[in-house]
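A.B. asks: Residue numbering for the sequence shown is 56 to 185, as defined by my numbering.
Quick caveat, the hints were computed from the structure, so don't treat them as lab data. We put the beta carbon where it would ideally sit given N, CA and C, even for glycine. It is possible that part of the hints are untrue.
[Said to hold, decoys possible] Below, computed lysine to aspartate or glutamate pairings styled on EDC-like, alpha-carbon distance capped at 16 Å:
hint, residue 1, residue 2
1, Lys-111, Glu-93
2, Lys-110, Glu-74
3, Lys-82, Asp-162
[What the hints assert, rightly or not] Between beta-carbon pairs, the in silico distance windows are:
hint, residue 1, residue 2, range
4, Ser-77, Pro-142, 37 to 45 Å
5, Glu-166, Asp-95, 29 to 37 Å
6, Ile-139, Pro-84, 24 to 32 Å
7, Ala-57, Ile-139, 33 to 41 Å
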Amino acid sequence: MAVGILLVTHPGLGNALLETASRLLGKLPLEARAFELEFDADLAAQLPRASAALKKVMGHDGALLLTDVYGASPARLAHQLTQIASPCRRVAGLSLPMLLRVMNYGDQGLEDLARTAANGGRNGVVLDDA
Numbered sequence: 056m057a058v059g060i061l062l063v064t065h066p067g068l069g070n071a072l073l074e075t076a077s078r079l080l081g082k083l084p085l086e087a088r089a090f091e092l093e094f095d096a097d098l099a100a101q102l103p104r105a106s107a108a109l110k111k112v113m114g115h116d117g118a119l120l121l122t123d124v125y126g127a128s129p130a131r132l133a134h135q136l137t138q139i140a141s142p143c144r145r146v147a148g149l150s151l152p153m154l155l156r157v158m159n160y161g162d163q164g165l166e167d168l169a170r171t172a173a174n175g176g177r178n179g180v181v182l183d184d185a
């Protein structure tokens, strides 16, 4: 199975997460890129650039869009991408544990990988009682 990964984030986050995942895992098993949206960006003007970034990672089984904050501009842009490209799934709450989980289960199909991403994000939050 081949699902591509596009991180749609605020500035400085997506590329840093990909770089960190690459350092921890070595070569990433899935095609992945970051599209970082500037704070004052016009979403309509950025949609063609984001679409081009999505096309670069789109696998024959689709693409998973991971975004940082649900409802923020990057998440809204990712939602627009899911409306124009298929098959795509969007998961918000991007974190390093979420990204690592996705990369460790890269053999999954799009639907399962979206659930794995969400679980990875939830399971990466730990209240340390020590």
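A.B. asks: Take the hints in turn and mark each one as holding or not.
C.D. replies: We went through each hint and held it up to the structure:
| no. | hint | result |
| --- | --- | --- |
| 1 | Lys-111 with Glu-93 | violated (20 Å) |
| 2 | Lys-110 with Glu-74 | violated (21 Å) |
| 3 | Lys-82 with Asp-162 | holds (15 Å) |
| 4 | Ser-77 with Pro-142: 37 to 45 Å | violated (26 Å) |
| 5 | Glu-166 with Asp-95: 29 to 37 Å | holds (35 Å) |
| 6 | Ile-139 with Pro-84: 24 to 32 Å | holds (27 Å) |
| 7 | Ala-57 with Ile-139: 33 to 41 Å | violated (20 Å) |
This entry does not satisfy hints 1, 2, 4, 7, going by the numbered hints stated previously.
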